[in-house]
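Participant: Take the given structure of chain D and dock chain R to it, following the hints.
One-letter residues, chain by chain:
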Amino acid sequence: MAGQSLADWPANGAGEAAILPVRSSRNRLLYRARRHPSFVIGLLIVSCLTFAALFPQVLAPHNPLELLSKSGLQPASGQYLLGLDHLGRDVLSRTIYGTRTSILVALGAVLIAFVIGAPIGLFSGFRGGWVGNVINRSLDAIMAFPVLLFAILVLAFLGGTATNLVLTIGFIYIPYFARLARGSTLAVKERDFVQASRSVGASNRRLIFRNILPNISVPLIVQFSLALGVAMLVEANLSFLGLGVQPPTPSWGRMILESAIYMRANPWYMLAPGICIFVAIMGFNLLGDGLRDVVDPRLLIR
Amino acid sequence: MPRLIVQRFLQFIPVLLVSTMLVFTVVRLAPGDPATAQFGPRASDARYADAVRLYREQLGLSKPIYIQYLLWLKQVARGNFGDSIRSNQPVLFVIAQKLPATLELAFAGILFGLVLGIPLAIVAALRRGSIFDTIATVLSVIGLAIPGFWLGMLLLYVFALTLHVLPASGFTPLTQDPGRNLRQLIMPMITLGVYELALVTRFLRAEMIEVMGNDYIRSARAKGLAERTVIVRHALKNAMIPLVTVIALEVGYLLGGVVVVEQVFGWSGIGWLVFQAISNRDYPIIQGVVVMIAVGYSFANLFADILYAWLDPRISYQN
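As given, the protein sequences belong to chains D and R, one line each in that order. Counting in the numbering used here, the first sequence runs from 1 upward without gaps. Counting in the numbering used here, the second sequence runs from 1 upward without gaps.
A couple of the hints might just be wrong.
Claimed, not checked - With the C-beta cut set under 10 Å, the calculated list includes, among others, these residues of chain R facing chain D:
1) Gln11
2) Phe12
3) Val23
4) Leu61
5) Phe275
Hints listed in this document are in silico derivations from the structure and should not be mistaken for laboratory results. From the three backbone atoms N, C-alpha and C, an ideal C-beta is built for every residue, glycine too.
Chain D with its partners taken away, still in its complex shape (with noise of 0.2 Å):
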């Protein structure tokens, strides 16, 4: 028996029955993991997504910018199974291209506020004192903007490029995580084990790398989630308003505006990129949310 691991303890059901208290911590999370079934359907989706945006070529019967027929407008066939859009170009292949599209915009933009914000937040927790203060105040009031109007108002000035796209959704969201971190710094910070490490005159350095981050870094995680589908819903809606991505780069939110009038003569049109929206923002809120579940601290005290 020496050498043998409680990790190589048996993880399926026949070995739960039998073992049941024992479990690693790895296992733990899976078993948990299954119990969820809402993380479960939205790591799949966001699975989904991402295979579609990385390799569209795979699933997209056509290309989605060649023009397939002089006439134009077609409903659903054998041939084209979404049919094709006013220009002529086939709607399927361009409902998958518009992933690659959505992912990135929305990808980006939540990166740029992550790696902003939270180190923002982060310092502003840490530090305290009126420093603290200030940032605080200075997020708020950035906060205070509602955040489709501001967008608006930027792309409408500046021009809708994928770009600026990406910098003011991640600009706007900036606040939103830097105010996670702060909250979650400050409540650590306070913490036992922490206390403990300052009192043994641990660096600041030491104490946030060692102590802090990994404690803050699940509320972040879950925020990031849940920050990609609110930035997907930000990037339709503008490109909606067409202020999104030119074209003829395919965006979901634009084929959603530019098949309003033709909502008659081929439904899918207007359909399919709009259930596409829907499951992904759907897939990461319950991406966001199953992880918050799975991940619970208070049931994974030692």
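Facilitator: Chain R only, in chain D's frame:
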């Protein structure tokens, strides 16, 4: 309590200033300025350099940016946002004409969310695992994920184009023809309200569940109070408090969503106005609407803040 109001108000002023600064900065960041708009391609021509410089000085564009901002702010405080490029009417006048329509829609949307959401959340919280609970959960997941403009178009497709039950678009003022106005209101109201409904259902339900588990509920029941009193007087009142904050925050989403929904249904309010202004490059209108909405939203937040403090006695005691 009055001290609290003053304190909140003082905190609110910098927020207001930052909002206006954001709008001002974005507008100034746009490529070109009124001089280039006026002179066109000749603006960069060396022969016209003097004329362009004079024009800029007259408009105050050569002054330092913070001076420009303060001058602009002074104008805005007076209500002078310039004139619409398209119609040459004062921006504020144009906005005031369209505002009642948006207020009606926003009010209806929030009402829809609350009137349907609060009872549903209560029942879902009290009867965990019942059909109401399932409906509430599913509704909140769907409602938070579905894009507003798409939902609007779906409703249009089903009710207006296919079933011919409701009018497809347009807006008749309430004072002119209430019947028609209300029929036109139904679909945009639902489109806007679904998000609010989802929010209310999700948060109130979770909050109620947590509140019902508290000790004082058990004590109230032990005292012999009727169940309804326990629910309404104790549980609901306390559960509603965070809901106030959530709603205030989500009014912000609504203010953006209104642009899209009004466009889909041809509901000519300020959201629709902004969209038209975007298409027409009517910058004074865009700027004016955004500033007004931002300021209005800040006031709404201030109000919600004070309301929150008033409802939760713990907060006013702390201060």
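Participant: Are the hints correct? Go through all of them and say.
Facilitator: Here's how the hints hold up against the structure:
At a threshold of 10 Å, the smallest CB-CB gap from Gln11(R) to chain D is about 7 Å, leaving the interface hint in force. Interface hint at Phe12(R): satisfied, since its Cβ lies 9 Å from the closest Cβ of chain D, which is below the 10 Å cut-off. Checking Val23(R) against chain D: minimum C-beta separation of about 6 Å stays under 10 Å; hint holds. Interface hint status for Leu61(R): violated, as the beta-carbon distance to the closest one in chain D is roughly 16 Å, over 10 Å.
Given the 10 Å rule on beta carbons, the hint for Phe275(R) holds: about 6 Å separates it from the nearest Cβ of chain D.
When the structure is compared with the earlier hints, a violation turns up for hint 4 alone.
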